[in-house]
Amino acid sequence: MKRNTAGRVLLYAGLIIAAAALLLPFYWMVSSSLKANNDVFTIPLKWVPDTFMWRNYGDIFAKSGMTTWLTNTLTLSVTVTLLQVLTGSFAAYGFSKVRFRGRNVLFLAYIATIAVPWQSYMIPQFILMSKLHLSNTLFSIIALQAFGAFGVFLMKQFYETIPEELSEAARLDGLSEYGIYWRIILPLSKPAIASLSLLTFVSTWNDYLGPLIYLRKPDLWTVQLGLRTFISQYNAEYALIMAGSVLSVLPIAIVFLFGQRYFVEGITSTGLKG
Amino acid sequence: MATTPLKRRNALVGWSFILPNFAGFAALTLAPVIVLFYVAFTSWNVFGKARWTGTANFIRMWHDASFWTALTNTLYYTSLHIPLTLSASLGLALLLNRSLRGVAFFRTAAFFPYITSMVALTYVWNMLFSPDYGPINSFLRFIGIANPPGWTTSADWSMPAVIFVGTWREMGYYMLLFLAGLQTIPAQLYEAARVDGANPWQRFLFVTLPGLRHTTFFVVVIMTIGSFKVFDLILLMTEGGPGQSTLVLSQYIYQKGFVENQFGYASAVSIVLFAICCLVTIFQYFVNRRWND
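As they're listed, the protein sequences go chains X and W. If you want our numbering, it's the position in the first sequence, counting the first as 1, plus 5. If you want our numbering, it's the position in the second sequence, counting the first as 1, plus 1.
There may be inaccurate statements among the hints.
Taking beta-carbon pairs under 8 Å as the criterion, some of the chain X residues facing chain W (in silico) [stated by the list, open to error]:
#, residue
1, L15
2, L16
3, P30
4, W59
5, L232
The list that follows gives simulated cross-link-like pairs (lysine-lysine, DSSO-like), each with its CA atoms no further than 30 Å apart [what the hints assert, rightly or not]:
#, chain 1, residue 1, chain 2, residue 2
6, W, K50, X, K222
7, X, K222, X, K136
8, X, K68, X, K51
9, W, K8, X, K136
10, X, K68, X, K195
Because the hints were derived from the structure by calculation, they are not lab data. This structure is a prediction, so every number in the text was calculated from the model and none was measured. Just so you know, even glycine gets a beta-carbon here, dropped at the ideal spot from N, CA and C.
Next up, chain X with everything else stripped away, as it sits in the complex (with noise of 0.2 Å):
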């Protein structure tokens, strides 16, 4: 018995420091966010700020283009988020529910894709996109996250979960595909489509590489890149950026506060993403 105790105080402390390691950065961006600039890096550090300077967050907004920012993002990530969710859950249900020639050696191609990494096609995509005369738009982005092959894959996943009888029973009822689709596996599918959706609004509001590529007008940046840009102008005002990175992270806590277990089912039942 104490023998037990002693090795849960001992967990404990280990949990406790992995956790610290862990939020360290997050709570030294949130507390220098608050800081006047002068006392961002002090010797001995300031643990917590001497007065709080709310107005940092003002600041940043009157200081750059924040608000534009924000709105692309929002506009981007809700817009590949929809279009992401209705093609892939649609395509999965042909993957998964309807038999014909030719559909295992499609999918395939598209669990090929998810192993090759964007980072080797995006010269030819680049090449293609601005022959198409998309680059420098918001649509470039779009079409580049919205019809990935994750989102399929990972509703395919779940609807293999859904017993074979059920469609049975619904066709032998007169229902059309669509009508299955519809009525009965979509309804069923809330838990995947919410970890889908989840995923691919998280990536997309962060994913920085699309938008430094695709987007070089200003009033087109996203918060990530424009972030960037401000901090290449403005490299000394370390308390602005620090405003600026918690707002540009605090969307995403709060979406992540609230969906924690459809991320978690989302990353287990597929492990794949990034």
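Please build the complex by placing chain W on the supplied structure of chain X, with the hints as guidance.
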């Protein structure tokens, strides 16, 4: 085999489901991959005039010292990042694979870095690593290290710093995969081992590790591909510097393609990255097939 009307109808219905996604997928992923193998054999510049140059790009690459630096650095990153992240994420998973109060919170905490913006994170870490005033070096001086490393300002220490941040960011993600793997190991196996008098270390060695064989293999495969394509972490943290000390393959492609507008040459370098990732995937496919037999 005659095609029956039913089969034809099924094929039509099947395709109608797949098409909306497939159209986008084919145009934006499949087509570029195919075009890549054409562009790599041309001298294609920003004005879009392609001239077939055969293997010239590849010969140039062979003699390009920067390319070899990028490849070596990528291997350096990979060879340290994988074992570090593997042990950190497995350690976390073992620590958190029990019903203790607060464990759910810790799991969440461990996963959060993975979904936060790279731009913000790399800037925070650069501040923490700041050689003169950063908290990390202040701490190192405090415990008696008179000359702590210059981290991202030093050619020797920039790569370790980048690897550290990469591990910190990703370990929570792989921890989730390991946690899922741990759930599949039957509790009876641990019971039986305990009855046979196995101590915790032996239980780990002879029950946990073999039980995680598939998960571990899978994790190593994704980590390998992930490490070979590492890009935004480096671009944002060090921009490949100081000098070329953290220049990696993906960044070199970006540099040649989008900064210097040498699309043809950049595509040739892309093919190397493409080939490496293909080899890893093919290897994975055969190992899996062997296990499934």
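Exercise for the section: State the violated hints by number, sorted upward, taking the hints as numbered earlier in the document. Expected result: The structure breaks hints 1, 4, 9 and 10; every other hint is satisfied.
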